[in-house]
Each structure stands twice: as structure tokens, then as C-alpha cells.
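Following the hints, put chain B in place on chain A, whose structure we already have.
Take a look at the letters that make up each chain.
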Amino acid sequence: MSVIKTNDLMKVYTQGDYTINALDGVSVEIDQGEFTAVVGPSGSGKTTLLNAIGGLDEPTSGSVLINGQDITQLSGNRLIDFRMRNIGFVFQAYNLIPVLTAKENVGFVMLLQGTPAAEREARTAELLKAVGLGEIMGKRPNQMSGGQQQRVAVARALAPKPQFILADEPTANLDSKSTENLLDMMARLNKEEGITFIFSTHDQRVIDRARRVITMEDGKIISDEKRSE
Amino acid sequence: MKTILKIAWRNVWRNKLRSGVVFASVVMGIWAGLFVVSLSIGMMDQSKRSTIESQVSHLKIHSTEFIKDEKLMNNIDPSTLTALEEFLNSDDRVKSFTERTVIDGTVTTAHGFKNVKIIGVDPEMEQLVTTIYDRLDTGSYFSQVKNNPILIGRSLGDDLKLDAGKSVNLSFMTIDTNSVSIGFKAEGVFSSGNGSFDKMNVFVKRDDLNALLMCDNYIHEFAVMCNTIEDAALLADAINAQFPDIEARPWNVVSPELGYTDEMMGTSIMIILLIIIFALTFGIVNTMLMAVLERKRELGMLLCVGMNKRKVFIMIMFETIFLSLAAAPIGLLISWATISYFGNHGINLMDVEDAMYQFGYDPMVYTKLDASVYITITMMIMIAATISSIYPARKALKYNPAEAVRAI
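Residue numbers (the numbering used here), protein chains in the order written: chain A, 1 to 229; chain B, 1 to 408.
One chain only, chain A, in its complex shape (with noise of 0.2 Å):
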């Protein structure tokens, strides 16, 4: 079953007398536990996309299906508590919290959710074990390299267990071997937990650790190819 589905979405932007089409007519489904890459030039409109799934902008004519539940009919705080429960987001730049402890960062949707102190403490505990940071608990944004703190920013994606993890250029600001350590962290985590990863990307690297690549161009799908493992 899909978890993502978009039928015919469009998203127009007008500047002046000009109008661009950012998604013209993006129909996708992503089922539980692909390990997907949207990818495409600057202005192809994968990052529209994702934030179009991510409920974080709308659009302008057709629909989002999450679940079965199209989240272009919610608005306000109905639209962020949906978010908050079923979507991860990881960003290019991380976006730590600068005054809160790597395990404060991780902790804290499950916080915003209501989650008790318990097991709160103990799903956080488990999460930066999980992707390698037990170590460093303690420690905030600023005491830790970009590796560190995209990990932190993927466990504390992880931590309300949500439907799918959006990634926007998640490797962007990261070295080659923070990449690959970073990739072998979610590419482990979508094995086996059955974590479903989307990425927008430039990185090749991202690309080839990718099961389906969907390339976008002009705001149109223009390929769609899944891989076998």
C-alpha cells in the first residue's frame, strides 16, 4: 500500500507578469519502506515537491494523500499536529535547536507530542545509540561536527515514529566520509526497521544508495526508475 500518494499537483508562483509552474500535473505514489530520491536541476521543483508532501506548503490545484488522508484539506494546527505525528523532517542545515542538548534536540517533538518523561528518555536513549551517538548526549549543536549533528537531526526525525522522513539535500554540508557514514546510518535504518526515506538531492552519492530515483524537470516527473538491491 502506498503511504504517499499525489495526484495531478500543480504549484504556480507568479512574479510579476510571470507565472512559473513549480509542479505542473506530479502524480507519485511511495509505498512503507522505499528508500527513494528525488532528483533533478535547481528550480526542477523537487524541494516544492517534498514540502508539497511534507504539508509545508500548498498547492495550488490537486491533492496529497498520506495514508489515505488528503493533507491538502488541513489547515492551521490540525496541518501541524498531522506533521507532527506522521512526518520526519531532515534538513540541508540541520536546524538544531542551538540551546538544547543533542538529547534535549531528539527529544523534543516527543515532547511537543505529550510523550511521558519515561518513555520519552528511553526512545531518545535508543535513537542516538541507534545512529551512533550515545556518546555524546550532552553535548549541543555547537560542540559536535555536521556529521554529528545531521545524525542528531535524524534521530530526533525519527523520534515520533512518523509515516516517512523527508531529507532535503540532507548531504549538502557534509564530507565524504560524514556522507557515507550518514548513509549507511539510514540506509541500515530502512532495512531493517522499515523506515521510508525520501530525499531531494544533488548528491551522487545519495543517487546511487537510492532503490528509486524519480528526476524532475521543469516541474514535471520525467523519469521514474526503481532498482533492485
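If you are wondering where the hints come from, they were derived from the structure by calculation, not from laboratory data.
Source: prediction; values computed, not measured.
Ideal Cβ positions, reconstructed from N, Cα and C, are used throughout, including at glycine.
Covered stretches of chain A, as calculated for chain B (at least 3 residues, CB under 8 Å):
no., segment
1, 51-65
2, 77-83
3, 87-97
4, 107-116
Per label pair, the in silico range of CB-to-CB distance:
no., chain 1, residue 1, chain 2, residue 2, range
5, B, T376, A, Q69, 50 to 60 Å
6, B, R18, A, G33, 44 to 54 Å
7, B, R394, A, K226, 45 to 55 Å
Chain B alone, transformed into the frame defined by chain A:
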């Protein structure tokens, strides 16, 4: 909520320099505001006390005719005089009183002349009511000069180049409307703290004056000190009810400007505090707007991962309030310490003594501030902090999470 408060508190200290500047400006603002207010209150209070003690007293009693026309013959009727003395001696609210003969006259020296009010006093009784005896710059208080001693004010002495030990002529009308000019010897030069009063009033012995006026114990004025200043109005009412041919007037009626001082001070304090709070509010809003702008990406992330707008709003509000209120206790403490210190030791403004004297102030100023002002400013800061937080918090809510999260 606990975590939001924790984040808000830690965010305050993310940019230590900027928060430190706001912190210091809040401390300085509170201190400067309260100190200026305490200095003003100290000066006004001292001026009021000094005016009451040296000039006005708590209560003055005259015949109703004298109030209309300060003529020699408009003295208090002798029968009323005796009853009034008995009344004042028996009333518990009365601390002390003195009787005076008051006429208009002219002081003349080789350097010029000045029209003055000549106040005939009983030196011993006068000491119980006014502090002129204790405010002598030079000379003595009716103890050294045997014949026709006179006390003159410092500013009058300056104008007429007159000092203790020198002779002057006093001219006035006697009871039979003859004009007389009699030689007096300046025994002392007083400084009441009010240059105008000192220029327009001289003190002589009442017995000397009555003898020269050729009248038998003419009393025009009773000056009364009460046990507390609050007794003055009630005592005046009681006297007026009992003695229809005289009028007792409390200090704030005799000298309305003193009464206005209290009201003016209250208004001035509020204006000064409001200006300071207003300025601080702008500083705080500016700082928080910068903080919200700098943290656009982070705020976008919070909105992305599920922090609703109400929580973001509360977080920014608390950051602003923490930033404002963290400094307030220190500002208040420093204010209290300095105001208490200068309240005990005083601030010596001798460099501007002449100007202070002309305006009726002593050069030694003791700061003074009621506890209510500390409470008022604390509440004003809390209100200002809350108001200051609204605009930056609303600004944060306007971010589109998808754009904000990619902001550079």
C-alpha cells in the same frame, strides 16, 4: 511548557553581548529613573520641610481683617487672644506655638533700602516653632545685642551690603500713623533656604517692636506646629469653628505652592518613569526583532516539526519577558542601595549652592523614595516587557515554515 520556558531562558543568553547590552540598559534605566525621582523627591521634601519649619509652620492664625488687609490695627482681639492661647495650650495636637507682631516697613543702609515685612517675635517661643535660630550664617540669635537687635536674611544682607554687627534703620508707621525711623543693629544673618523669603523678612524682638509702635502687645499672627503635619487641617477646622473673628489656615493654604508640590511630584514621577520605560521598550523590541530575524531558520524548523503557533508565540513572549525582567531585580537593588546611601549621607551640591538657595533648596540633598515607587516601576516593567514581546512574537508567527527553514 517547562521545555518552552527552558528554551526561552537559554535563548536569552545565546547572544551574550547583545543580551548584556539590553541587560545593562535596563539596569541603568531603572537606576537612573529611580535615582532622579528620589533626588527630586528629596529636594522637594526638604524644601517643603524647610519652608514649613522656617517660614510657614503647620498653621497660621490671623484675624479675618488682617488676612484681607495687613494693617497694624488689624490685630487679634485681646479677648480672643487669651481664649486662643488657652485652646492651643490644651489641645493635644499642638506641639508648640508662638505669637508675632507683623508690620510692613523699610530697611535702609548707606547702600540702599528695601521694603520688608518686620516680624516681632518672642525669641524663646519662636525657637519652639521655627528654625531661624539654627539657620544663622553669621552673628547670634537675640543674645548679644541689648538694644534693638534685628535678624536679617542673607540675600537682603547681600543687597544692602549688610552683615552682623552693622547698623540699619527700620522705618514704619506707628499706631498713631506717625512714620518713625529707628536704628537697629544686625545681630545675625540667617539663611532660611529660600532667597525670596530672606530678602523680604526681618525678625526683631516683639517687645521692642510693640514699644516702638506705641501699642500694648499687638499680636497679628500665631504660628503653630502640630505633632504631625496631618493634624494641621483638622486643628484649623476646630479653631475656625470656635473662633469666628479669626481664621486658622493650614500650611497648604498659607503657601499653596507647597500643597501643589506633592501633586506635582506624583505626576512628575509617573512621567519620568513612563519616559524611561518607553525608551527601554523600544530597545527590547529592537533586540527581540533582531533575534527573531536571525533565528528565522530555527523558527521555521520548529513550525515544521510540529510546534504550533501558540507555543512559538509563548516562547518568544517569554524570551522577551525574561530578557526584560532578568535585569529588573539588579536595577532595583542598585537603586535601593544608592538611594539609601545618599538618603543617609546626602549629596553635596555646594557647586550650585547659590542657584539652589535662590530656588529655595538646601545644597545638601538627601535622596528619598517610597517603597510604593519600587513596586510601581516593577509593575510597569512587567507590563512593558509583556507589551514589548507582542510585536516580535507576532513577527515570528508570520514566517512560512517552508521558506524559513531554508533561510540563509
